[in-house]
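2 protein chains.
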Amino acid sequence: MKKILGIDVGGTKIVYAMINENGNFLTTPEKTSTPKNIEELISLFKNIITKHENDIDITAFATAGAVNIENTRVDSSTPNLPTGYNSIDFSTLSKKPVFVENDANAAAWAEFKVGAAIGENNTITITLGTGVGGGFIVDGKLLRGKSGRAGEVGSMKIQGRGRVCTCNRKDCFESYSSGTGLKKTAEELALTSKYFKESIYKDKTPKNITTYDIINGLKNNDEYSKAVFETWKNDLVVGLINITNIFDPESIIISGGMGEFINTEEMENKINSEIVVSPVKIKLAKAGNYSGMIGAALLASEKY
Amino acid sequence: MKKILGIDVGGTKIVYAMINENGNFLTTPEKTSTPKNIEELISLFKNIITKHENDIDITAFATAGAVNIENTRVDSSTPNLPTGYNSIDFSTLSKKPVFVENDANAAAWAEFKVGAAIGENNTITITLGTGVGGGFIVDGKLLRGKSGRAGEVGSMKIQGRGRVCTCNRKDCFESYSSGTGLKKTAEELALTSKYFKESIYKDKTPKNITTYDIINGLKNNDEYSKAVFETWKNDLVVGLINITNIFDPESIIISGGMGEFINTEEMENKINSEIVVSPVKIKLAKAGNYSGMIGAALLASEKY
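Chains as they are written, first to last, in my numbering: chain A, 1 to 304; chain B, 1 to 304.
Hints listed in this document are in silico derivations from the structure and should not be mistaken for laboratory results. Backbone N, C-alpha and C fix where the C-beta goes; we use that ideal spot for every residue, glycine too. Heads up, a few of these hints could be off.
Pairs of lysine-lysine residues, derived as DSSO-like cross-links and limited to a Cα-Cα distance of at most 30 Å, are as follows [what the hints assert, rightly or not]: (1) A/K113 with B/K141; (2) A/K281 with B/K141; (3) B/K170 with A/K281; (4) A/K226 with B/K170; (5) B/K141 with B/K36; (6) A/K170 with B/K183; (7) B/K281 with B/K194; (8) B/K281 with A/K170; (9) B/K204 with A/K184; (10) A/K233 with B/K170; (11) A/K184 with A/K281; (12) B/K281 with A/K141; (13) A/K303 with B/K303; (14) B/K194 with A/K170; (15) B/K303 with B/K270; (16) B/K141 with A/K141; (17) A/K141 with B/K303; (18) B/K170 with A/K184; (19) A/K141 with B/K113; (20) B/K2 with B/K13; (21) A/K170 with B/K170; (22) A/K270 with B/K51; (23) A/K36 with A/K141; (24) B/K141 with A/K303; (25) B/K31 with B/K281; (26) A/K207 with A/K36; (27) A/K170 with B/K46; (28) A/K170 with B/K233; (29) B/K2 with B/K95; (30) B/K113 with A/K303; (31) A/K170 with A/K233; (32) A/K183 with B/K46; (33) B/K46 with B/K13; (34) A/K170 with B/K226; (35) A/K194 with B/K170; (36) A/K113 with B/K303; (37) A/K303 with A/K184.
Heads up, incomplete: computed chain B residues facing chain A, CB under 7 Å, no partners named [to be verified]: (38) K157; (39) L191; (40) N242.
Chain A with its partners taken away, still in its complex shape (with noise of 0.2 Å):
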């Protein structure tokens, strides 16, 4: 059986783990820091891959960013990682062959092979962090289109309401429906809903409510939270809807940490009463914190 170095790269940490061609731990997954610059985060690749190269077949790295289509590089920019991070060739890291795949991407394949949606041909990962991340399977096959950048759902244009991005384009559905777009909506009603002056934030300036108080207000079932959040879950299913009619999927997995607050049940309901295609089960991720890694992990395994 393949054994595969998984390294899932983030802005805050890097954290790697042997993995088997089941997408089963060999390893406790470890963590770091990622450094701040391009050559320190080079030579990190390397220590980790030095270390495990004669035990392992292949590494994989699950990564921010747009991959290329040969899964060698990262062809876009990438805010939070080390200026330089897409001039790495990530096959020169070692003498075995080396996989790279989006983490959204990988952690949409992740759930399709060992999670919430095994068995299930047609599938959407959507995950729901500081930003919007998908992955679509299609047909038993990753989406990865023309260049491998295929799957940027959260870059989608939905509800017009002119909501500035963090990458300065409008309405993209990530500004919406993540954690970022959770603050900026609890901010927009702090200014407009009636149920702010009686809230339990009345005196906070909206632009200091977090994501947290919003959730935690939920739990005091505090009304401006309760309006706040429905707003949020309302944009959600807009954005869930439209995928929904082009794919026909047989279900959309929700993953990251906005999950666990999401009635799933009752957003399958609102979606199914709004779609023309046939209906789609909403569910929870399974494949859990270290999807990502665990999903490169197995499409290299296929790979190679």
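Take the given structure of chain A and dock chain B to it, following the hints.
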């Protein structure tokens, strides 16, 4: 070489012809009106098929409506076709194989195989007419989803201006970007645009301004008509940006009557300046008026 009887089923007319597996016509397409009741429609289908059955290998239908995953039935409602249309099991209409595909999907396949997108394994055809249809080619295969209904891009919600679609849902892409959408935009801007009172249509009731009027207005350099068309194009661009970011296609092919009024180069530049994936080409359809029938015939010849 296989011979296919292609039959295109529309709300007002039915067109049929014999086609070979290269997509070339073996007979001149014949037209007949679409019967108003289901018994007459079935007996028309049987008559057409019986007349050709000895000379063909397969019958291929291109039709409005959602087609099941087995390509044997329409399993959605089809308001422009007789009640009971979705009860027809097309496979019983002939002693030889019968294949059914949605007309927008079939048109996309024709563009991919013999039209404007030859050799482009990731390509999308958008049909702009009374409604908006979409057909998606992913890695050289037609996107059909779990139940055959994928590609319902006309129901993608965009803009959020609250426009009510003919399906009674709000903000469908179709309600903005179809011919009907252009007429609706004309009506709205007649009430709000500063150019209307100087327009050649200033004496018309806003509701009665037609798509033809706007196209005619463009030719006459009417500022109001230009503003209407600009708004319509911007709405279309939003929809095309969304599908480009999700699919990362090589091309989007614009099909249908509205296409001839579009400057594809201008539209391509607008889209490419907003997307986060690599650039897409925007082209007009080439497979002609009978692309649905041709695409269905080509798909059928691959299956049988």
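Going through the hints against the structure:
no. : hint               : result
1   : A/K113 with B/K141 : holds (22 Å)
2   : A/K281 with B/K141 : holds (24 Å)
3   : B/K170 with A/K281 : holds (23 Å)
4   : A/K226 with B/K170 : holds (24 Å)
5   : B/K141 with B/K36  : violated (35 Å)
6   : A/K170 with B/K183 : holds (26 Å)
7   : B/K281 with B/K194 : violated (35 Å)
8   : B/K281 with A/K170 : holds (23 Å)
9   : B/K204 with A/K184 : violated (44 Å)
10  : A/K233 with B/K170 : holds (17 Å)
11  : A/K184 with A/K281 : holds (28 Å)
12  : B/K281 with A/K141 : holds (24 Å)
13  : A/K303 with B/K303 : holds (28 Å)
14  : B/K194 with A/K170 : holds (25 Å)
15  : B/K303 with B/K270 : violated (39 Å)
16  : B/K141 with A/K141 : holds (11 Å)
17  : A/K141 with B/K303 : holds (20 Å)
18  : B/K170 with A/K184 : holds (24 Å)
19  : A/K141 with B/K113 : holds (22 Å)
20  : B/K2 with B/K13    : holds (26 Å)
21  : A/K170 with B/K170 : holds (20 Å)
22  : A/K270 with B/K51  : violated (49 Å)
23  : A/K36 with A/K141  : violated (35 Å)
24  : B/K141 with A/K303 : holds (20 Å)
25  : B/K31 with B/K281  : violated (34 Å)
26  : A/K207 with A/K36  : holds (29 Å)
27  : A/K170 with B/K46  : violated (53 Å)
28  : A/K170 with B/K233 : holds (17 Å)
29  : B/K2 with B/K95    : holds (16 Å)
30  : B/K113 with A/K303 : holds (29 Å)
31  : A/K170 with A/K233 : holds (19 Å)
32  : A/K183 with B/K46  : violated (61 Å)
33  : B/K46 with B/K13   : holds (16 Å)
34  : A/K170 with B/K226 : holds (24 Å)
35  : A/K194 with B/K170 : holds (25 Å)
36  : A/K113 with B/K303 : holds (29 Å)
37  : A/K303 with A/K184 : violated (41 Å)
38  : K157               : holds (5 Å)
39  : L191               : violated (19 Å)
40  : N242               : holds (4 Å)
In summary, the structure is inconsistent with hints 5, 7, 9, 15, 22, 23, 25, 27, 32, 37 and 39 from the numbered list given earlier, while agreeing with the others.
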